[in-house]
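Residue numbers (the working numbering), protein chains in the order written: chain A, 1 to 658; chain B, 1001 to 1124; chain C, 2001 to 2061.
Keep in mind that a hint or two might mislead.
[Stated by the list, open to error] List of simulated lysine to aspartate or glutamate pairs, DMTMM-like, C-alpha gap at most 25 Å:
1) K174(A) / D2036(C)
2) K123(A) / E2035(C)
3) K289(A) / D1112(B)
4) K511(A) / E2057(C)
5) K282(A) / E1066(B)
6) K491(A) / E2049(C)
7) K174(A) / E2020(C)
8) K198(A) / D2002(C)
9) K511(A) / E26(A)
10) K286(A) / E1066(B)
11) K257(A) / D280(A)
12) K1031(B) / E390(A)
13) K282(A) / D1109(B)
14) K1024(B) / D1079(B)
15) K286(A) / D1079(B)
16) K656(A) / E136(A)
17) K289(A) / D1109(B)
18) K289(A) / E1066(B)
19) K249(A) / E2020(C)
20) K580(A) / E88(A)
21) K2024(C) / E390(A)
22) K491(A) / D2002(C)
23) K206(A) / D2036(C)
24) K494(A) / D2002(C)
25) K580(A) / D2032(C)
26) K198(A) / D2021(C)
27) K206(A) / E2020(C)
28) K213(A) / E2057(C)
29) K2024(C) / E136(A)
30) K206(A) / D2009(C)
31) K491(A) / D2032(C)
32) K494(A) / D531(A)
33) K1031(B) / E175(A)
34) K494(A) / E2035(C)
Derived from the structure by calculation, the hints contain no laboratory data.
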Amino acid sequence: MLRIRSVHLCDFGPFKGEQRIDLPKEDGVVIVYGENMRGKTTLLNAIRYALFGRVLTRGSVEIQLHQLGNWESAADGKYGFHVVLAFEQNGDTYELTRECRVRSGVSKPASNADYIEESFLTKNGSAMGPQEAVLELGRIMPETVSRFFLFDGELLQQYEELLRNESEMGRQIKEAIERILGVPVLTNGRADLAQVHKQAQHQEAKAAQRNQKTQQLGNLHAELLGQREAMQQESARLRQELDRLRGTKTAKEEQAKKQEMLRGLLTLRERLQEEINSLDRKISEKEDKRKTLLTTAWRSLLVPRIKAFREHIEEQLRVAREETARRLIHAETTEAIRKALCTGSCSLCEQPIAGETKERLQNRLTEFEGTPQTAASDDRIPSLERQVSELRRYQTDSSIAVLHEISGAINDFRVTKATSEDRLRELKEQTAGLDESEVRRIYAEYEKAVQEIVIVENGLKVHDAALAEIDGNISRIESELGKKGGSDLQKERKRREIAEGLRSLFEEGVKVYRDHLRTKVEKDATTLFLDLTSEPEYASLSINSNYGLTIVHKDGTSIPVRSAGAEHVVALSLMGSLQKNAPLRGPIIMDSPFGRLDSVHTRKVIHTLPNMAGQVLLFVYESELEPKLARNELKGALRREYRIERQSARYSKVEKVV
Amino acid sequence: MIDDKKTIGLTPENRSVMDRIMEKGFFREQKDAALFAMAYAINQGVPSGNCEGANTIWNVGSLDPEGEIRSLVGNLFPDGVLPYRLTEHLINAGLALIGARMAADPGLDLTDFLGKEQASFTSQ
Amino acid sequence: MDLLSTILDLRQKQFAHLPEDLVKEIVRIEIDYAEDRAEALKRVEQALERYLNSLPENKTC
């Protein structure tokens, strides 16, 4: 197990001059207290820097080396820094030094280029060569698994990625977990034995070719092996391509997610523009129709007036006709009376008229002749009739209602268009300066990746089927060789059979070990989780193929979404479980691990820490973890306390608490 | 005897009104607007009259190819004013009325001139 | 159950014809040379060769 003995810094971050933290030999917890901005994270970074030569910010962004030196020392003209990490593993002691010093000739460094970086590793007091040191460190603490030992409480969201099967981050973390659990021992073994098996098959084929009895079979064997080799290479290429495409698809999906809002805005913009164009077309059509109607609208406007006027003329005509009729009757009657008086007899019945009747008729005649007649209106009648006839020609269906309707529709379209234009203007302002072509490119690339994935997957299926057929043929030939081959082939056959067996063993071993590990990790994580959580209705943790853990309620259902605090507890459970199950054991070093936890959970975590790893190093601030609480909960497991004291804004000092 | 007009025109002021109406995009041609103005004037009860100071725009043959307007105006206003002279008067009067309304309310729509309001008919 | 015991257990149950010592040696090689794949492959080949040469039928006088 890896155990850190001391961390020695010089002018690293706020730690001016030579400063040191010593860790005890015994298992237990060491706590370093420090307020915000005093350098707690820098201490974690010092260990990371020593081991891997890199320092990360909160957002996992690498910090430039020339920014790491102490500013007060730099102000005094002293540049550069170094870190020395002393540790032991499996009985060997190591001292790892990594330093960054100014190049000769540079008086005031301004960038990484002005520095030289060097590192060296001693093992049991003897310096190791550079290549050897790299291999040794890679074996002791591979960087890919460091996140499970160097735990930054601010980076919890990484662990949530394990729940998302296809995320790139999730895949990387899964690989890191499997690495720490030793799975690569078996997957590498499987790969190596596959290679050994392949070579053994070739050797067997060559031996068969050398023997006359088995030459033909040997030739066929060699040919098939050659074909299979080519097909396997092609399969590997296709699989690599598929991985690449899947990676592209996932990356584009993630990029697209970030761009989703922009895409939504762009789509809306396009839609609005189409709407506006459509409205323009509709308005134009309606306006055209209106113009056509307005060519003759003056008639419609005048319809009521013409009708009223015509009716007036018709009335005049009627009156004129009546008058004419009356005059005619009057004239005829007067004439008939005159004639009767003159002839002395009625023109109708031819009876003689005398006496009273004659007198009456005479009076009547006088009366008629005395009645004034209106002026003859006969000559007006044709004119009136002509007018009526002309006015009737103007009878037309009124287009006024239709014009109202069309104008109403145009106005409605205009209002809608104005609203859309306004919204479009807003959107254009929102999206001004945003790279639209980038969004389109991302989506186009995503679509392309999806299509290509389908093609490659189909290609792989066909390929794998062909490979399986060739494998079958190869097996048949090897079986034949086994029957026909003599003692000269025996060794090669034995080699092949053993290699094949070993390959199958390791292949099966990978599956069994993975299943076993997941079960174990799930079980140990559950045990830890139930110790850490205060929620009585949580029954267990459930693991997925990526080692992502879901909380399971006692009714059997999963808790789909969890708070940052719950995430914290689950992540700690995973870390503790990995520590228990990994062949690679080491300290747990945590920066601000309790930030999101309440006092109940903080107490539970503190209590459980000594069970999670042999050596635990915590960087905390006092309101996050009260010293009194830590001492009460840890008791004898608390080995040492340090405090980072402020000397100035740019100078912190690590003091041991007595 | 005075001959009726052979051309019909607009006063400079009514020419401006015509331009403003055409800008609104309701009418395809100016003569459509002119006849509309004439009808509007008739409906508003504009009496018979004469227009001075009009500059020729149309030939009566292009404005009234079938003689329909001549006949109609002659019928509606049988007071002896020559039909095309009267038509010119009515067109200008109508444009003046429309122009005055547009000046008072620039947001007026065409439909505001399509209303049912009309002067009651009186004997000519 | 750790990695080695998992693989040995599997060997016993399903691949009993494979030699236990050879399996242990290969696991050891893969642990020690996890970062040097070329070296790991070479040593696995050598381990197999040594085993084959140790078999009575392959021993030469």
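Hint check:
no.: 1; hint: K174(A) / D2036(C); result: 22 Å, holds
no.: 2; hint: K123(A) / E2035(C); result: 18 Å, holds
no.: 3; hint: K289(A) / D1112(B); result: 18 Å, holds
no.: 4; hint: K511(A) / E2057(C); result: 34 Å, violated
no.: 5; hint: K282(A) / E1066(B); result: 34 Å, violated
no.: 6; hint: K491(A) / E2049(C); result: 10 Å, holds
no.: 7; hint: K174(A) / E2020(C); result: 30 Å, violated
no.: 8; hint: K198(A) / D2002(C); result: 29 Å, violated
no.: 9; hint: K511(A) / E26(A); result: 37 Å, violated
no.: 10; hint: K286(A) / E1066(B); result: 29 Å, violated
no.: 11; hint: K257(A) / D280(A); result: 34 Å, violated
no.: 12; hint: K1031(B) / E390(A); result: 23 Å, holds
no.: 13; hint: K282(A) / D1109(B); result: 18 Å, holds
no.: 14; hint: K1024(B) / D1079(B); result: 36 Å, violated
no.: 15; hint: K286(A) / D1079(B); result: 41 Å, violated
no.: 16; hint: K656(A) / E136(A); result: 32 Å, violated
no.: 17; hint: K289(A) / D1109(B); result: 16 Å, holds
no.: 18; hint: K289(A) / E1066(B); result: 24 Å, holds
no.: 19; hint: K249(A) / E2020(C); result: 45 Å, violated
no.: 20; hint: K580(A) / E88(A); result: 19 Å, holds
no.: 21; hint: K2024(C) / E390(A); result: 121 Å, violated
no.: 22; hint: K491(A) / D2002(C); result: 34 Å, violated
no.: 23; hint: K206(A) / D2036(C); result: 30 Å, violated
no.: 24; hint: K494(A) / D2002(C); result: 30 Å, violated
no.: 25; hint: K580(A) / D2032(C); result: 21 Å, holds
no.: 26; hint: K198(A) / D2021(C); result: 22 Å, holds
no.: 27; hint: K206(A) / E2020(C); result: 29 Å, violated
no.: 28; hint: K213(A) / E2057(C); result: 21 Å, holds
no.: 29; hint: K2024(C) / E136(A); result: 22 Å, holds
no.: 30; hint: K206(A) / D2009(C); result: 35 Å, violated
no.: 31; hint: K491(A) / D2032(C); result: 29 Å, violated
no.: 32; hint: K494(A) / D531(A); result: 53 Å, violated
no.: 33; hint: K1031(B) / E175(A); result: 84 Å, violated
no.: 34; hint: K494(A) / E2035(C); result: 30 Å, violated
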